[in-house]
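Build out the structure end to end from the sequences listed, making use of the hints.
As a plain string of letters, each chain reads:
4 protein chains.
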Amino acid sequence: MGKSGRRAYGLDEVAIVPSRRTRDPADVSLTWEIDAYTFDLPLMASPMDTVVSPSTAAELGRLGALGVLNLEGIWTRHEDADERLEDLAGRPDEEVLDLLRKLYREPVKPGLIAERVRQIRAAGAVTCGAVSPQRTMALADEIVAAELDMLVIHGTVVSAEHVSKSAEAEPLNLKTFVRTLDLPVIVGGCTSYQAALHLMRTGAAGVLVGAGSGRTSSTGRVLGIGSAQATAIADARAARMRHLDETGVYVQVIADGGMASGGDIAKAIVCGADAIMLGSPLAAASEAPGRGRHWGMATVHAELPRATSVRVGTTGSLAEILLGPAEDDAGGQNLFGALRRTMALCGYGTLKEFQKAELIVTPAADRRLGRR
Amino acid sequence: MGKSGRRAYGLDEVAIVPSRRTRDPADVSLTWEIDAYTFDLPLMASPMDTVVSPSTAAELGRLGALGVLNLEGIWTRHEDADERLEDLAGRPDEEVLDLLRKLYREPVKPGLIAERVRQIRAAGAVTCGAVSPQRTMALADEIVAAELDMLVIHGTVVSAEHVSKSAEAEPLNLKTFVRTLDLPVIVGGCTSYQAALHLMRTGAAGVLVGAGSGRTSSTGRVLGIGSAQATAIADARAARMRHLDETGVYVQVIADGGMASGGDIAKAIVCGADAIMLGSPLAAASEAPGRGRHWGMATVHAELPRATSVRVGTTGSLAEILLGPAEDDAGGQNLFGALRRTMALCGYGTLKEFQKAELIVTPAADRRLGRR
Amino acid sequence: MGKSGRRAYGLDEVAIVPSRRTRDPADVSLTWEIDAYTFDLPLMASPMDTVVSPSTAAELGRLGALGVLNLEGIWTRHEDADERLEDLAGRPDEEVLDLLRKLYREPVKPGLIAERVRQIRAAGAVTCGAVSPQRTMALADEIVAAELDMLVIHGTVVSAEHVSKSAEAEPLNLKTFVRTLDLPVIVGGCTSYQAALHLMRTGAAGVLVGAGSGRTSSTGRVLGIGSAQATAIADARAARMRHLDETGVYVQVIADGGMASGGDIAKAIVCGADAIMLGSPLAAASEAPGRGRHWGMATVHAELPRATSVRVGTTGSLAEILLGPAEDDAGGQNLFGALRRTMALCGYGTLKEFQKAELIVTPAADRRLGRR
Amino acid sequence: MGKSGRRAYGLDEVAIVPSRRTRDPADVSLTWEIDAYTFDLPLMASPMDTVVSPSTAAELGRLGALGVLNLEGIWTRHEDADERLEDLAGRPDEEVLDLLRKLYREPVKPGLIAERVRQIRAAGAVTCGAVSPQRTMALADEIVAAELDMLVIHGTVVSAEHVSKSAEAEPLNLKTFVRTLDLPVIVGGCTSYQAALHLMRTGAAGVLVGAGSGRTSSTGRVLGIGSAQATAIADARAARMRHLDETGVYVQVIADGGMASGGDIAKAIVCGADAIMLGSPLAAASEAPGRGRHWGMATVHAELPRATSVRVGTTGSLAEILLGPAEDDAGGQNLFGALRRTMALCGYGTLKEFQKAELIVTPAADRRLGRR
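Protein chains in written order, with numbering that gives the first Met the number 0: chain A, 0 to 371; chain B, 0 to 371; chain C, 0 to 371; chain D, 0 to 371.
Computed beta-carbon distance windows for the label pairs:
1. A:Asp81 <-> D:Asp26: 32 to 42 angstroms
2. D:Val248 <-> A:Leu182: 56 to 66 angstroms
3. B:Pro91 <-> C:Ala318: 55 to 65 angstroms
4. C:Ser285 <-> A:Ala301: 56 to 66 angstroms
5. C:Ser54 <-> B:Arg310: 42 to 52 angstroms
6. C:Ala35 <-> B:Ser285: 55 to 65 angstroms
7. A:Asp140 <-> D:Asp23: 17 to 27 angstroms
8. D:Tyr249 <-> C:Asp26: 34 to 44 angstroms
Please keep in mind that the hints were generated in silico from the structure rather than gathered at the bench.
The C-beta atom is built at its ideal place from N, Cα and C for all residues, glycine as well.
As structure tokens, then:
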């Protein structure tokens, strides 16, 4: 009586309904365009140290996707990051958390951001890095100096309007900052129509939808904040339509976190995503810098950890995970071959068309339909 | 906001409500008529190599049902199919997938389709075979030569309108093809009103409802495509009514996959099915060619497997599974004795009448009501 | 589209909301009146051979409840029923089903019905026996001769109108039969408004609500027939109101099966039940004839078993199970002490008043609220 | 048909939606005011003997919270309560229940209430004790003599109007009693709008919302009474608004039980709670008198136990549990640091503002969002 809430749906509660047409998989295009860049796959790799290193960013670029390097992570705190991660890989689980905390206590090294970006650019890939809103102003000069192609401002929740009474730290004014920069900026997470709309109004080229929905996250339990991804993406799509109507500018909606199979990716697109950001499925690549382990920055938070370190194992090479062939029917390989096939079976030729596909709501759809 | 989806229900979410009448089981008829053929049971056996061989097709015919032979499976690729399956039966689980892939790499042998059909006809059973839409045109001459009584065109999703820009392969035009043939054709799967309606308009005698809903399938996880069978069948029923109203032709709705007990079958009928297609429950017959193992064509897909090979064991003879007596209360035996009894307890004498029975929606009905 | 179903709720999906009053437990009355009989507790014990023997019927009478003897069970088929059950108790699980089948193949002995009823009457208890609708006519003379106080006509589904073309067996015409007898008759199960209403119109003193909802039953899985008890009881309550309005006769609604705790019993009353019928909770009494095992007639069905034989163990004496004190908080003891306390906490003094209490719908209420 | 019930939601079915603003955690205030008292944290510790002793009440006061001493528990029945609890801690699980029963059979000692209250006051903390409505009148003189700062009248269900025909015991008239006392009184539990409103009308300073929703409770299973906390709190909020409108008096709504993480606490506030009462999370403190075990008065009920004795272990000091830092991401530490962070991420500066945050309804939200 005193409060009401909208029913919101997760990706595991929806399923795609084929239309009355089918199509040849060979006729399906997965091309994704953002600003001046075109990618073969609608995929950003999550700015997590277990997913994107300079070398996996290069490989992702080769495969048609965009790797986003964490500019506040191990790669910019340690010149010998690869050796540190190799060392970590050999340690037993019980030592990992302490070692991680030690690794992240080291400050970000001046110049190392530019160096890492240079490594990626040298491999011919589009360069993209991510910073947290808290550190954006402090790292602004380094970011500019690195001459990134694209920037991601990334947090559990990023808002267009940050309120602070503290005189010490200069708070990030997204609206000013984004327009100052001379490169496309992607910001998020957000989980609602209003939040997405206001992020779009900062001039961002794209918004990330989701809040702690990834595999390592315990944001829901610890903070009570949650995103039901199917609804959150659909709300961001509505914000995109309104913003387009108001300004003529089409802002990319990028679903972030909580997708583990080609089916999840397809559903995110149908809900309204233009592209997706993946973490744990790529942390399971044979090239992944986490070497079978996966964690996030929230894992090592000093006062309130909100993520775990998990073992994700190795399911195949990045190429196999993205483009196949799949060895088994577990759904973790050939993610974009699966997306292509779903689009073909449902009769759609482009991602933009596929966003029109019909959805049904079914309880625990994946569990019931996929694992009988 | 940016997207909406209808709530759709699975068979495990509905339960049948008895009416105010009951009836003698002896007075219940399970007769099913399609085109010129009449069957004692409203049952098609799934065109899977673990379910239908020429000899089980004969036995199914003897029991009053219709066995559908996979015309692109082991039986038409290997003259010594039975020996191959016998050999497979003795192998450990870890060798099975590789062996299966090898067996299905062999091409379909010219003439072997006609030979297998002849074996079934010789046993006095109605002959029915299944092809995939991709191979239908290539096998068209073989199919005609085999003089089948009935043909099934079967895929995860089959549409009335397949779009292809490829010049190489001649795409199947269902509308033309179905009307060219001189025999009744059943096509599917489909999961929506529109898709079912357009399949009916091709001139098909029946449509299969379902998409990857069988026990071996992981279509939902891998592709995100799902059918909530209770709703999908009810939608196809609505399409049947519209098509009947528009054309005067009654097209059979056949529920395909995901039914494991007499209760599931009864619910499918009440939702609107005229008949059902069963796979895994029949793969557990002592006569089943899979000899206790069960797989589908999707299990051996080269790039994107969407099904597993599962051990289903042996629960009884085909006669016991269909007509009883049941040894225990697990629901896997005497499937049609159970259907007959349900119809009697609910007071209905024919399948057509039973489609009028009342349903309730309850969460996870089977789990709650059946396994206390 | 082609079919619609009402959402129906189970007892585990509802919870009772306390009102703005509370009351002394000492001021709460659990008295139940049916026809000329008054009971201290609104309880019928289920006509199952593992629950009601002549001696437990006597003990139930002493405790204020009504034991219903199965007139087609072991007690009327075997003079030495107790010895047979004692023998069974010592056998390993794997022998039980075969032995049970043998025990129930023996025909009902002429005169033994009257003898068993005499034993109960001799102990001073109200006598009540149950027959299946299939056997009612055949046993009619025996029933009359036994001079029962009350009769239950009991099946998975019992209807007011049984249709049969068979000339052999004389079908039971409930309307005629009930009015012929000179004793109150209780009939069921039924699960819908229409079915309950028509059973009330036969002249029955009470109707049993439920269909295969007991612990041993697999009716839902095998037959697809289900009752969501909260809704089924509420529907029968609506039928009771209509019948009362039409005829001035108040017919008792008795919830049958699927209740395992004082909470379940309280919810059934609030949904509209005047009394309840318990099986498995009483099969766990130290006096229970099943001696820790529990089965139903459906367990030994020759062609389509729809129930299992389960081990229920022993949780206390009948007196402890019904009236306490409870040893632990598992909810299986002091069932009616719990009902009394719930009524007190909610501020109601009689069962009839308690039927007015407010309910909320919560998913899997018991699981979430009771077992944290 | 014959009954209807409102859909009610638990805290695990809702999630908080961030707004379009964020805020510095340093700018967030968790201050809670009730009557003349101000607390740094909106927290009452549950009046359970495993949670609040005189010394933990002192420590809770030091940390900014309010410890509520059970005035009918071990601390007022035994002068050497601490030794008794120490002894209990060393006993094996199977002896605990009997020992507890023995401890609670001892009567409350005259003068010991005042003595315990004096110990808490001496430590500088606000003094608060709890009595059951059944014993309130009998202990009234002792309560007055103890000169408590605040009183809690606490039961599974407490109503403004208790009906009793018994001449022996003088029933508690809450309306009279509350207004007689010269100190603020908090009463509950209650779970509905009507019940909360009538409790507010007694002149209480606060009402406790919940009924048997704590971790040890089996009220739902045993009694069928349930509170879906999210809805119950929202209903009490509506009652608070109506009462404020009618009288100008703002009555505190305190969510009681069933919260295990910072996320749960945040959701309770957003639903409308002004403060919360915690039991089991505090029983896991290293200072907790239960020393790793946790039980309630209902655990030792003579006739109908409605709670268990559970091992909760030790997750940290009271200071760590309330204010951090957290060692892991399990959510059981730094509960109010998490609340502060959630409020910051959602852009709210005070608890009263945070009550305006948006909620979504998602099935089993915590399970899905927090534990992937």
